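Protein sequences, first through last, are from chains A and B. Counting from 1, position 79 in the first sequence corresponds to residue 79 in the working numbering; the numbering is continuous, with no gaps. Counting from 1, position 39 in the second sequence corresponds to residue 39 in the working numbering; the numbering is continuous, with no gaps.
Simulated from the structure, these hints should not be mistaken for laboratory data. Bear in mind the structure is a predicted one, so any value in this text is a computation, not a measurement. Among these hints, one or two may not hold up.
As the list claims (entries may be wrong) - Covered stretches of chain B, as calculated for chain A (at least 3 residues, CB under 8 angstroms): (1) 76-89; (2) 223-231.
As the list claims (entries may be wrong) - DEER-style ranges, computed between Cβ atoms: (3) A:117 - B:210: 17 to 27 angstroms; (4) B:7 - A:118: 25 to 35 angstroms; (5) B:267 - A:174: 34 to 44 angstroms; (6) A:74 - B:115: 30 to 40 angstroms; (7) B:272 - A:249: 52 to 62 angstroms; (8) B:267 - A:142: 16 to 26 angstroms; (9) B:166 - A:69: 52 to 62 angstroms.
What the hints assert, rightly or not - So these bits of chain B aren't anywhere near chain A, every CB distance computed over 10 angstroms: (10) 9; (11) 25; (12) 164; (13) 187; (14) 302; (15) 308.
Built from N, CA and C at the ideal position, the CB exists for glycine as well.
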Amino acid sequence: MSGAVLIEARDVRLALESREILKRPSLKAAAGELIGLVGPNGAGKSTLLRVLAGLLWPSEGSVFLEGRPIGELSRRERSRLIGYVPQDVRIDFPLTAEQVVLLGRHPHSRRLSTDSAHDYALAALALERVGMAPYRDRKVSTLSGGERQLVMLARALCGEPRVLLLDEPVSALDLKHQLLALAIVRDTVDAGAAGVVVLHDLNLASRFCDRVLVMHQGQIKAAGSPSEVLRPSLLREAYGVGVAVRHDDLIDRPSVVAVRHRHSNPVAVTGTEATLPRALGALFRTGCIDVVVLAPTGSAAALFAGELGLRVHDPGSALPPDLAGLTVIAVGEQAVQLPHGTGAVLRADGPDSLLELLDAIHNCPTESNFGASPGAASDFGRAIVHPKLDHSEVSR
Amino acid sequence: MGLLAAVLFVVVIIATALGPVSIAPLRVWNIIAAELGLPLGAVDSERDVAVVMQLRLPRILLAAICGAALAVAGAALQAVFRNPLAEPGVTGVSSGASLGAVAVLYWNLDAWHPLVLPLGAFFAAAATVAVVYGIAAGTNRSSVATLVLVGLAINAFLSGVVSAFVANARNEQEIRSIIFWLQGGLEARTWEHVRLALPPVLVGVAGLVAVGRDLNLLLLGDDLATSAGVAVRPVRWLILGLCALVTGAAVAVTGVISFVGLVVPHALRLVIGTDSRVLLPASALAGASFLVICDTIARMAFQPVTLQVGVVTSLIGGPLFLALVIRTRKEFAL
Chain A
1 MSGAVLIEAR
11 DVRLALESRE
21 ILKRPSLKAA
31 AGELIGLVGP
41 NGAGKSTLLR
51 VLAGLLWPSE
61 GSVFLEGRPI
71 GELSRRERSR
81 LIGYVPQDVR
91 IDFPLTAEQV
101 VLLGRHPHSR
111 RLSTDSAHDY
121 ALAALALERV
131 GMAPYRDRKV
141 STLSGGERQL
151 VMLARALCGE
161 PRVLLLDEPV
171 SALDLKHQLL
181 ALAIVRDTVD
191 AGAAGVVVLH
201 DLNLASRFCD
211 RVLVMHQGQI
221 KAAGSPSEVL
231 RPSLLREAYG
241 VGVAVRHDDL
251 IDRPSVVAVR
261 HRHSNPVAVT
271 GTEATLPRAL
281 GALFRTGCID
291 VVVLAPTGSA
301 AALFAGELGL
311 RVHDPGSALP
321 PDLAGLTVIA
331 VGEQAVQLPH
341 GTGAVLRADG
351 PDSLLELLDA
361 IHNCPTESNF
371 GASPGAASDF
381 GRAIVHPKLD
391 HSEVSR
Chain B
1 MGLLAAVLFV
11 VVIIATALGP
21 VSIAPLRVWN
31 IIAAELGLPL
41 GAVDSERDVA
51 VVMQLRLPRI
61 LLAAICGAAL
71 AVAGAALQAV
81 FRNPLAEPGV
91 TGVSSGASLG
101 AVAVLYWNLD
111 AWHPLVLPLG
121 AFFAAAATVA
131 VVYGIAAGTN
141 RSSVATLVLV
151 GLAINAFLSG
161 VVSAFVANAR
171 NEQEIRSIIF
181 WLQGGLEART
191 WEHVRLALPP
201 VLVGVAGLVA
211 VGRDLNLLLL
221 GDDLATSAGV
231 AVRPVRWLIL
241 GLCALVTGAA
251 VAVTGVISFV
261 GLVVPHALRL
271 VIGTDSRVLL
281 PASALAGASF
291 LVICDTIARM
301 AFQPVTLQVG
311 VVTSLIGGPL
321 FLALVIRTRK
331 EFAL
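Throw the hints in and build the complete structure from the sequences for me.
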C-alpha cells in the first residue's frame, strides 16, 4: 500500500522564544499513507506540521520532500507539492469561497495571468467534494467556523498536492462533515498522496489513519498502527487522564474513552469475577484510576482492568515493594485471595459503597493508611457506616 | 475596467470644461486633441487654449494622478495590513511624507534639484510605513484598533514636528511655502508638478497591480501565503515600499489629502469584490475620477470661494470612515 516516502522530518529541533518546542521528533509519511498526529495541547503538533510545511525552519535536523532536503526546493516547487491547512484561518476581507479556493491554484499559475477555465473547474470540483458548492459566492467572513474549515480543505485540494498537511481540519465540523472531510482526505491519500493530520479525536485517528504518532512535550512518544499506539498507559501518561481502550468490532479498530483523572491515594481493589468488573467500571467512570486491581492473570477481570488502563497484580504473588502495605478493598461478600504484604482490608458490598470508601480514603489527610491519625479514623468511620461491612470476613 | 476608464475620461473633460470661464466639453476635447497633434476641429480662442492647457488641465491631471496613487496605496495597505481601515492618511504615511516635504522646504534642499522634494517625501513616507508596520505587526496580529491608534499617535507626533518647523521658519515666504504643502490643495499646480508626480506614481501603481495575486494570498495570512509560494517578507516590504513611493509622490505635489484611499477601495469592493488583481487597477481609475470630482466640487461649490480639495475629501471620507468603524464588525468579521 505504501509507496515512496514523500515527506520526512528527521530529528528536528526548534525553540521559539527560548522555549524548546520540538525536541528532535522524527516523522515520515509515504505515498498512500495517512499519519495521525495526536497529543495534548502544547505538545508541538502544530509546530511540527509547520516545520514540515516549510513555514518554520528547524535549528537542527532536517526536512525532506520527495527525498530532497526541503531547502533545495524552490518556493514554487514546495508550494506545488504541499497542501497545508492551518488550524484556524481568520479572513477579515470579504473574499468569496470560490476566490479562496482558487487561490489554491496559485502555485500552478503565472504572475499576472488570470485564472484559467481549468483552475475554475478544479475549484468547482473541490467545493463540490467538500459539499460547499452552494456556498461558492458566499463571503468567507460570513461563513461559520466549520464551513470555513471545509473551504480551506477545498483550497488545499484545489492545488492537487502530493503531501497534505492538515492541522485539526475537523475541529469545528459536525459528525457528518467530520466523516466527509476525513473520507476525502483518505481518498486523496489512497490516490497516492501522503497525509499528516493533527487530530484531537483519537477515535477518528484510529479509524482513518494508517499510523498514529503520539506527541508529548516536543517528542514522539509512540508511533505505529492505531492498535499498537492507542494503549491506556501511554495515553494516560501523555494526556493525564484515565483512558479505556477497547477493540471496537464495528469499526474493527481500537476505540478510546477518556475520563478525567481524580487523583486519590492508591488502594488495591479485589473481588470475584462476578463483582469486580462492575466495580471497576464504576471506578473508571468516576475517574478513580489510582487503584491496583488484584485479579488472577488472564482472568476476565484482569483483562478488563487492562483495557481500562488500571494496574493489575496477580494475588498469587507478593506485592512489589512500591505497593507494600496498600489498603485493600474487597468487593462482595465472597472470600478472596490476597497477596502477601497488603495493609488494612476493607469490604464493600458493591460499587456504591466502594466509591464511598474511596472518598473516605481520599479525604484522609495522611498519606496512605487509615487510622494513622484520630481525625482520619473518624472521617473514615463516617464514610463506611454500612450494614454489610464486616472486616472479619476477609481471608488471608 | 473599460467603464471606469471611460468614466475617468469623461470626468476629466467635464471637469476641465467647468470653471469661472465656461468652455464646452467638446471644445475642451478639441483643444486637447489639437495639442496632442490631432486637429479634430477648429480651435479659435487663444484664451480658451491657455485656460485649458495652462490652468485647468495640469491641475486636473494632477488630481487624477494623486487620486490614483492614494486609492491604490489605500487598497494595497488594507490588504497588506489585513485591515480594512488602513489608508495612507489614517496610518500616518501621508503625514510622514509631508514631514519629509516640509523638511526639504525648510532647509531649501529643493533648490538643488526639483526631484529632492518628492524623494524627501518618499523616504519619510517609507520610514513612517516601516515604523507603523513594525509596531502593528509587533503587537499581536495587527488588530484594527492597534493600527488606527498607531496612526493616530504618529499623525499627532509628526504634525507636532511640522509645527515646530513652521514656528522656526526663517521668513514669511518659507512659512507660506510650507503651509501650502500642508493644506492638501491643488491650487496653482503646473505641468512641472505633473512631470514630478507622474513617473513615480506610474511605476508604483504598475508594481502594485503586478503583485495583486500575492496581495490576495496575504489576505489569508502569512502561513497560507508562504505555503502557497509567496515570499511573504520580501513581498510585504516591496508592497509597503511601493505604497510609500506613490504616497510620497502624491503628497510631495499636493500635501496631505485624506480618505481617498479609504473611500475608493471600499466603494469598489461593494461592486467588484475583493480580488486585488481587479481591485487595484480599478482603484487607480476610480481614485483618479474621485479626486478630480472632489477637486471640481472644491472649485465650484462655493464660488467664488474655492475650498481645498482635502476639505472635500475629508467631508466625504470622515463620515464614511466612522460608518466603516461601526460596520467593520459585521462586514469584516472582526
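Hints, one by one, checked against the model:
1. 76-89: holds (count 5)
2. 223-231: The restraint on the stretch 223-231 of chain B holds, since 8 of its residues have a Cβ under 8 angstroms from chain A and three suffice.
3. A:117 - B:210: 17 to 27 angstroms: Given about 23 angstroms between the Cβ atoms, the range holds.
4. B:7 - A:118: 25 to 35 angstroms: Hint holds: Cβ distance 34 angstroms, inside 25 to 35 angstroms.
5. B:267 - A:174: 34 to 44 angstroms: Because 38 angstroms falls inside the window, the suggested range holds.
6. A:74 - B:115: 30 to 40 angstroms: Holds, at about 38 angstroms.
7. B:272 - A:249: 52 to 62 angstroms: 57 angstroms, holds
8. B:267 - A:142: 16 to 26 angstroms: The hint (16 to 26 angstroms, Cβ to Cβ) holds, given that residue 267 of chain B and residue 142 of chain A are roughly 20 angstroms apart.
9. B:166 - A:69: 52 to 62 angstroms: Since residue 166 of chain B and residue 69 of chain A have Cβ atoms about 59 angstroms apart, the given range 52 to 62 angstroms holds.
10. 9: 25 angstroms, holds
11. 25: At roughly 35 angstroms from the nearest Cβ of chain A, residue 25 of chain B sits farther out than 10 angstroms, so the non-interface label holds.
12. 164: Check passes; 37 angstroms lies beyond 10 angstroms.
13. 187: 37 angstroms, holds
14. 302: The claim holds: residue 302 of chain B sits with its nearest Cβ about 38 angstroms from chain A, beyond 10 angstroms.
15. 308: 32 angstroms, holds
Consistency with the previously given hints is maintained throughout, with no hint failing.
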